[in-house]
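Take the sequences, apply the hints, and build the full model.
Here the protein sequences come in this chain order: A and B.
Each residue of the first sequence is one higher than the one before, starting from 0 at the first, in numbering that gives the first Met the number 0.
Each residue of the second sequence is one higher than the one before, starting from 0 at the first, in numbering that gives the first Met the number 0.
Calculated directly from the structure, the hints in this document are not laboratory data.
The beta carbon of each residue, even a glycine, is placed where N, CA and C say it ideally should be.
Check the hints yourself; a few may be wrong.
Below, a sample of chain A positions facing chain B; criterion: calculated Cβ distance under 7 Å [claimed, not checked]:
(1) Met-172
(2) Asp-179
(3) Ile-181
(4) Val-184
(5) Phe-187
(6) Ala-191
(7) Gly-218
(8) Ala-385
(9) Ser-394
(10) Thr-398
(11) Gly-407
Where chain B lies over chain A, by a calculated footprint (3+ residues, C-beta under 8 Å) [to be verified]:
(12) 14-27
(13) 159-170
(14) 211-217
(15) 370-383
(16) 420-433
Have a look at the derived ranges for each label pair, beta carbon to beta carbon [as the list claims (entries may be wrong)]:
(17) B/Ser-32 with A/Asn-6: 42 to 50 Å
(18) B/Trp-157 with A/Asp-193: 52 to 60 Å
(19) B/Leu-21 with A/Val-475: 27 to 35 Å
(20) B/Arg-127 with A/Ala-237: 29 to 37 Å
(21) A/Gln-97 with B/Ile-144: 35 to 43 Å
(22) A/Tyr-5 with B/Ile-144: 25 to 33 Å
(23) B/Met-53 with A/Val-475: 15 to 23 Å
(24) B/Asp-37 with A/Asp-484: 39 to 47 Å
(25) A/Asn-273 with B/Ala-30: 51 to 59 Å
(26) B/Ser-32 with A/Leu-368: 53 to 61 Å
(27) A/Gly-407 with B/Ile-163: 26 to 34 Å
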Amino acid sequence: MIWEIYNLLTATPLILVAIGGLIWGILGGALPGISASITMALVLPFTYTMDPAMAIAFLACVYIGAEYGGSIPAILIRTPGTNSAAATVIDGYEMNRQGRAGEALGISLMSGVVGSLFGLAMLVLLTEPLSWLALAFKPTSYFGLGILGLSVIASMTSGSLLKGLAAAVIGLMISTVGTDPISGVARFTFGAPDLLNGVEPVIVMVGLFALTELMSQSGSSNVVAMKETVRIKLPSFAMMNRLKRSQFIGCILGTFEGLTPGGGGSIAAFLSYNEARRWSATPEKFGKGSEEGVAAPETANNTVASAALIPLLSFGIPSSNSTAVLLGGLIMHGLLPGPRLFEQNAQVINSLYVGSFIAIVAQIVIGVLILPACMWLVNRPRPIRAGFILALILSGVYTLNNSLFDLGLALAIGVAGFFMRIAGFPFLPLILGAVLGHMVESSYRRSLVLSGGDHMIFLEDPIAVGLLLASLIFVVFSLGREIRDARRSRIVVESPS
Amino acid sequence: MPNRLLNRDTLGGVVLLAIAALYYWATQSIAESTLSDDVGASGLPRALTIILAMLASLMIARALLARSSKAETGASGGAEDLDATSRRGLAFLLFGAAYVAILPFAGYFISVALLIAAIAIFEGAPRRWTVPAAALIGATLYWAIFVRVLGVRQPMGWLLEKLIQ
Chain A
0 MIWEIYNLLT ATPLILVAIG GLIWGILGGA LPGISASITM ALVLPFTYTM DPAMAIAFLA
60 CVYIGAEYGG SIPAILIRTP GTNSAAATVI DGYEMNRQGR AGEALGISLM SGVVGSLFGL
120 AMLVLLTEPL SWLALAFKPT SYFGLGILGL SVIASMTSGS LLKGLAAAVI GLMISTVGTD
180 PISGVARFTF GAPDLLNGVE PVIVMVGLFA LTELMSQSGS SNVVAMKETV RIKLPSFAMM
240 NRLKRSQFIG CILGTFEGLT PGGGGSIAAF LSYNEARRWS ATPEKFGKGS EEGVAAPETA
300 NNTVASAALI PLLSFGIPSS NSTAVLLGGL IMHGLLPGPR LFEQNAQVIN SLYVGSFIAI
360 VAQIVIGVLI LPACMWLVNR PRPIRAGFIL ALILSGVYTL NNSLFDLGLA LAIGVAGFFM
420 RIAGFPFLPL ILGAVLGHMV ESSYRRSLVL SGGDHMIFLE DPIAVGLLLA SLIFVVFSLG
480 REIRDARRSR IVVESPS
Chain B
0 MPNRLLNRDT LGGVVLLAIA ALYYWATQSI AESTLSDDVG ASGLPRALTI ILAMLASLMI
60 ARALLARSSK AETGASGGAE DLDATSRRGL AFLLFGAAYV AILPFAGYFI SVALLIAAIA
120 IFEGAPRRWT VPAAALIGAT LYWAIFVRVL GVRQPMGWLL EKLIQ
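Given below as structure tokens:
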């Protein structure tokens, strides 16, 4: 293991890749409206030309950087750069108003490092043992796994289950474009050779996340300017000691939410904030510039950034938009998440672990050095920034296959995503459908080929049965919650007093 | 706002039904192969058509039911057009479409510069020297990254090719 790490550090540009990803992540995360998933989606096409191991490490480091970057505008201009930094606004901005912005940024940075290190430790400890289970996977098990992945939709569509399911079906429809996995006949290509290989998930993600966001932001007013004189003040050992309880809460809840499909950084951050206040010796300070109020959510959302990779790498289940983009990166490089990834592409996993570790440690220095650049970037006029971002997206999409067709496709998906957003359709189910559709269909049909068309084959595989049962429980639980919430809101409407 | 949500859901359901119909029509052109299994290349697509049509019908029914109960309480309905923000969003992407159209003729450098300048002006940047300067800096930066560093063969452009010849 040590020899492998030595090789990675000396024979590959992993250090540069990790730091590059971290810098891009912090800059992207610091831009209000550009979430971690959009920051990742923007660079996804770039990674196409990279070595797969470096590409995946790069994307993971972007994710780590974006989670910290989101806290910068949250603290300085009361605008979270990413959704998961929303809880940081409460006490972070209050500290800024009290003239303690540098202290808040320092606490955010160091708590992020603590959370990321804890999440990475969980990732290293849990991922491989979990993937051993998947070594016994057969086509029937992969079918069950795909269905379990799709069942995440039920928890991601709070209040709009029908729309979530419809979006997932459209995603599955997109996955059927191209050559049929069993017979090899062309489907829905309409004679266009560019569609024979199907619609690449990366184009769907860039179109839905990045282009739709730009369209939605069009015409919006500029954000409040940041004071470019703020400097980070790293917390002392005594302060870190005082923050350890809230950071511990953030680590535990961040890991739990990272492992839970549909969890995500924002839920973890708010839960941690509440729990930190409950267990704090000075709960009255919360909301009035409490250091613990910054430490808990920042530790939690950074823990999620690593812990969310556990179900992704072990079973190929993305639990959030950001991990869905990472899954897109894996698929783009021909890497199938799950047990085979550990068997056949150990270097990818090692690079991801080592790269993430480098990024987390480097974050202490880079986080301090990059702050002026972040503030400069956020203060650029939004109209010019929008032009730069659109040009970057279109240049990146062209990189995939040197194809104008891909550009047109991304723009069309952007338009579709824009209308989906207006109509209140969630994006993640569509992405999951587009990404998992191929696995679900091919493993289902391969299983039936093996059994001569007998569906009982799915019940003869205990892993498939377990995964399908888990999916069923997950969907029923989410449906129950949806019905309960609908009843509750009806009661509120009927008795407004 | 609730009425608008209802209309949005009805319209969304109708659009989904239209997508299901179009998709079903497209499944008719999937060729049968001798290598095909029991399910066949059109098996999943047809199942998806049915599921989407069912979901769309449920969405429309739910929206209409909610609308009628709203009507009983005296609320009024009616479809609403896309607001100004929506139109701006679509217009924004038209610049992207224009970029795709001019890229093979004008080439990467000129197209990127024009795109940045056009978007900046559309988004309300003051028409001063900063816009062309930003466009030139952006085009140079992206050309350096994509063409020189990453080695991507971005279109040189019909104009430049003619000039070189």
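> What are the numbers of the hints the structure violates, in ascending order?
Replying inline: 6, 12, 18, 20
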